[in-house]
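Order-wise, the sequence lines are chains A and B. Quick note on numbering: the first sequence equals residues 1 to 405 in UniProt numbering. Quick note on numbering: the second sequence equals residues 1 to 288 in UniProt numbering.
Don't read these hints as lab results, they were simulated from the structure. Hints should not be assumed to be uniformly reliable.
Stated by the list, open to error - Here are some chain A residues the structure puts well away from chain B; computed CB gaps all over 10 angstroms:
#	residue
1	100
2	103
3	138
4	153
5	182
6	240
7	251
8	294
9	301
10	305
11	312
12	354
Unchecked claim - Simulated pairs of lysine-lysine, BS3-like, Cα-Cα distance not exceeding 27 angstroms:
#	chain 1	residue 1	chain 2	residue 2
13	A	322	B	207
14	B	212	A	330
15	A	128	A	231
16	B	253	B	69
C-beta atoms are modelled at their ideal positions from N, C-alpha and C, and glycine is treated no differently.
What follows is the residue order along each chain.
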Amino acid sequence: MRYKQKRILKLVFIVAIILFSYFLYHFYGINLGLDLEGGSHIVLQAEPTEQREISDEVMKVISNIIERRVNQMGLAEALIQREGRDRVIVGLPAVDNPNEAIKTIGRTAVLTFRNAQGDVLMTGDAIKSAKAGYGGAFREPVVNFELTPDGSKKFEAITRQYLGQHIAIYLDDEELMNPVVNEVIRGSGSISGNYKSVEEAQNDAVLITEGALPVPVKVVQSRIVGPTLGKISIQKSITAGLFGLLLVGIYMLIYYRFPGLLAAVILAIYGLILLGTLAGLGATLTLPGIAGLILSIGMAVDANIIIFERIKDERRSGKTLKASIDAGFKRAYTTIIDANVTTIITALILAYFTSGTVRGFAVTLGIGVIVSMFTAFFVTRNVIDLFADTKLLNSGAAFGLKGRK
Amino acid sequence: MNILGKRKIWYTISLVILIIGLLFISFKGMNFGLDFRGGTLLEFKFDQEVSNEEVRTLLADTGLIEGAKVQQTAEEGINGVLIRTKELSPEQITEIQDILSQAYPSTEVLRTDMVGPLIGQELRVKALLALLFASIAIIIYISIRFEFRFAVVAILTLLHDVFITLGVFAVIGREINTAFVAALLTIIGYSINDTIVIFDRIRENMKYYQRKMSFVELANKAVIDTLPRSINTSITTLITILAVYFFGGASIKTFMLALFVGMFAGTYSSIFIASPLLVTWQDKISVK
């Protein structure tokens with residue numbers, strides 16, 4: 001009686017875990033990586049100048065400015081992360097023209113007003129805010145700017161001095177315009193830089209307002225995946241994975257008979273627990289991550305095969321079914337632990353040394369293997385026990401045994 | 001079945017394959033992809049079919065695709081073009097995009113990948129470091145759980161699998177990318193996993209049959225007893241890999257091919273190389 005109660009309790013526990021996993025998966029969902037959902041991964045590297053070395057302080061300023069620029073461009077869910085000594089990683093969701101956005105994010109963007117000889121008369125510091133708008137005779141896109149009180153005084157003096165002459169406006173080394181000063185300007189003004197669209201003007205406005213980066217940054221890596229490719233990849237991977245699982249299930253059923261069917265059901269339970277765990281941990285699924293999942297499914301199947309083969313061995317030596325199950329599991333434990341711990345070690349080291357998509361693979365593989373050990377030791381054990389009294393497991397054909405009753 | 005008695009045959013088969021692979025690796029070299037060498041990959045999709053020549057002509061004046069490879073996309077059911085060229089700045093990538101969009105309004109960016117040369121070099125160093133540390137950690141673990149010689153043999157076996165996979169990729173000239181590195185590390189995990197299941201049985205047999213059987217006999221018994229498991233596991237794993245290879249997207253194919261070769265080698269080596277090496281080691285001790 002005690003034994004039966006314990007067994008029922010364990011089964012209730014398994015059902016609870018399945019339901020909880022489904023709950024996690026349903027409500028939290030799985031984060032998709034950029035290769036599945038589309039998006040950009042950009043690595044920027046700061047480059048020291050003669051005036052400035054790369055320090056922690058400089059990097060903080062850079063990532064702050066980049067963050068503000070990204071926010072100003074209205075890119076929600078962007079991810080800004082420092083890496084190593086001199087790098088910043090920017091993750092962007094799928095946008096229409098990511099390369100245009102990257103250009104804006106990574107620009108040093110010092111705005112300067114220069115005279116005909118190229119001498120800098122005033123820098124962008126004097127500007128309080130800048131916004132895109134329409135202006136000029138043809139209502140073309142322009143950047144309207146407002147000056148700080150100090151800047152206003154300065155600019156008034158400059159425009160007075162250069163009245164009737166050219167003053168060029170530069171963004172970094174790019175000349176935006178070279179207008180003739182028609183009147184003394186104070187308070188606010190506008191720049192028309194032959195912009196094709198308001199968005200383009202808005203990007204420059206962001207650069208002018210959010211200030212210059214202390215040192216130039218260079219794009220050392222950019223990985224952009226359009227939403228179409230992501231959709232193709234995820235659809236194909238899911239179809240392929242399900243097809244693979246189906247084939248494995250059929251194979252197990254033919255080879256091990258009823259226990260094989262149980263293994264297929266356990267595999268489905270495993271899949272659900274794994275999805276729930278990934279959702280609960282907030283792991284990001286990438287394309288190699290799906291491969292890691294498929295591999296861990298292979299290892300989950302392997303655990304079941306090891307257990308079944310052990311039970312079969314014990315049956316051959318003449319033990320009863322119950323004794324065989326007990327001994328089989330006991331002996332399979334050490335094998336499965338030793339075999340899986342080495343995989344977990346590899347996954348951990350891989351996750352530590354790599355970044356990006358490969359790390360996604362290592363993380364899903366590691367989680368997958370741990371969940372597969374739990375499934376093998378707990379779920380398989382209890383499901384097999386459940387049928388231990390039935391003919392389905394006692395028959396000669398079960399476990400693929402031949403010529404035994 | 002006396003598998004271990006014929007170990008010289010298995011050693012010869014493996015050595016021949018390894019030597020062919022190593023010759024190709026040293027003379028033909030590995031085809032390192034963008035991730036390792038640096039450069040830019042651009043993939044565009046169009047509504048109508050666009051030939052490689054049309055793209056080349058359109059972009060010739062920019063000078064951005066000098067010495068570049070232009071191919072049709074490998075993704076099925078899509079009219080697309082794949083351009084592999086040198087390292088480009090975001091400005092230059094936008095320039096190419098604008099030119100194509102003007103010529104074909106339906107132009108859609110499937111992906112753009114730019115890797116600076118420094119990043120590629122770092123990846124190579126990181127991959128080697130990961131491999132080295134994983135090997136050391138595995139040696140320590142197996143030495144504790146088994147014996148030192150089991151650990152050494154396990155590492156030799158996994159090197160066997162890794163070099164066969166590298167060799168096959170050198171022979172077929174397939175491009176090597178980050179996914180390939182991930183595949184190699186997976187193969188290591190799988191190879192060790194497979195080898196340990198048999199070693200575990202040898203360890204057990206050593207306990208039960210030490211007095212009654214010679215080491216060759218009990219090792220051979222372990223290999224034979226675990227044979228159904230070895231075959232079933234590799235069949236189920238290879239089925240899944242093949243399913244993903246044939247039905248998965250183009251970008252995952254290299255990864256799956258590497259896994260297939262490596263796991264095939266892994267199953268073979270766990271049966272025909274790992275345990276025979278242990279026996280050879282034992283023989284050397286006995287002779288002394």
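Verification of the hints:
| no. | hint | result |
| --- | --- | --- |
| 1 | 100 | 6 angstroms, violated |
| 2 | 103 | 5 angstroms, violated |
| 3 | 138 | 23 angstroms, holds |
| 4 | 153 | 37 angstroms, holds |
| 5 | 182 | 33 angstroms, holds |
| 6 | 240 | 4 angstroms, violated |
| 7 | 251 | 6 angstroms, violated |
| 8 | 294 | 5 angstroms, violated |
| 9 | 301 | 5 angstroms, violated |
| 10 | 305 | 5 angstroms, violated |
| 11 | 312 | 8 angstroms, violated |
| 12 | 354 | 6 angstroms, violated |
| 13 | 322/A x 207/B | 25 angstroms, holds |
| 14 | 212/B x 330/A | 24 angstroms, holds |
| 15 | 128/A x 231/A | 43 angstroms, violated |
| 16 | 253/B x 69/B | 20 angstroms, holds |
Comparing the model with each numbered hint stated earlier shows that hints 1, 2, 6, 7, 8, 9, 10, 11, 12 and 15 do not hold.
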